[in-house]
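**Q** Sequence:
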Amino acid sequence: MTTPRHGLLHVYTGNGKGKTTAALGAVWRALGAGLRVCVVQFLKGGVIPSERAAASHFAPQLTFLHTAHPFTEALMQGHPEEEDRRYARRTWEQAQAALRNETYDLVVLDEIDNTLHLGLLPLEEVLAALRGRPTGQEVICTGRHAPAELMALADLVTEMVEVKHPYAQGLGARKGFEI
Numbered sequence: 000m001t002t003p004r005h006g007l008l009h010v011y012t013g014n015g016k017g018k019t020t021a022a023l024g025a026v027w028r029a030l031g032a033g034l035r036v037c038v039v040q041f042l043k044g045g046v047i048p049s050e051r052a053a054a055s056h057f058a059p060q061l062t063f064l065h066t067a068h069p070f071t072e073a074l075m076q077g078h079p080e081e082e083d084r085r086y087a088r089r090t091w092e093q094a095q096a097a098l099r100n101e102t103y104d105l106v107v108l109d110e111i112d113n114t115l116h117l118g119l120l121p122l123e124e125v126l127a128a129l130r131g132r133p134t135g136q137e138v139i140c141t142g143r144h145a146p147a148e149l150m151a152l153a154d155l156v157t158e159m160v161e162v163k164h165p166y167a168q169g170l171g172a173r174k175g176f177e178i
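Sequence positions in the sequence shown follow numbering that gives the first Met the number 0 and run 0 to 178.
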């Protein structure tokens with residue numbers, strides 16, 4: 000088995016739970032290996048996820064970036080508004096800076112797949128930034144509805160499939176587990 004000479008592009012997608020969790024597992028492993036990591040969260044500004052609260056304990060090795068963009072009803076219905084595009088653009092500017100920063104060994108673009116699916120950012124612009132990142136930088140893209148073009152560019156694609164989930168029985172997101 001050979002070791003890659005360049006950082007890989009991962010895509011974690013699908014309707015099942017575990018996309019962000021898998022990415023954060025990779026973050027945990029990278030931190031344990033002494034690597035520098037940047038996590039950029041799209042569409043997760045309404046509730047402060049527990050992972051963001053924990054990130055401060057790992058600075059400066061871990062940088063956690065986001066904008067305070069709530070996931071609105073309009074977005075959930077697939078009808079983004081101009082304000083949604085502005086939030087996505089601001090978050091994308093942070094992500095682009097991370098993707099150009101050679102000191103980051105791993106960059107996680109959490110919920111970028113949904114951001115692209117909703118048309119909040121131009122797909123070609125994101126693909127160009129991923130192609131142009133520093134050679135050794137690993138990138139993980141998460142979210143439902145990963146575009147086919149992103150999956151084609153990726154070195155590794157994992158689809159999480161929901162088989163059974165307590166949401167179907169009315170159990171909401173629990174702090175420390177789902178948020």
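The hints are simulated quantities; they were obtained by calculation from the structure and are not laboratory data.
Be careful, since some hints might not be right.
Stated by the list, open to error - Derived pair list, reagent style PhoX-like, types lysine-lysine, alpha-carbon separation capped at 25 Å:
1) 16 with 163
2) 16 with 174
3) 174 with 163
**Q** A separate judgement is required for each hint: does it hold in the structure or not?
**A** Evaluated hints:
{"no.": "1", "hint": "16 with 163", "result": "holds, 10 Å"}
{"no.": "2", "hint": "16 with 174", "result": "holds, 15 Å"}
{"no.": "3", "hint": "174 with 163", "result": "holds, 20 Å"}
Checked against the numbered hints given earlier, the structure satisfies every one of them.
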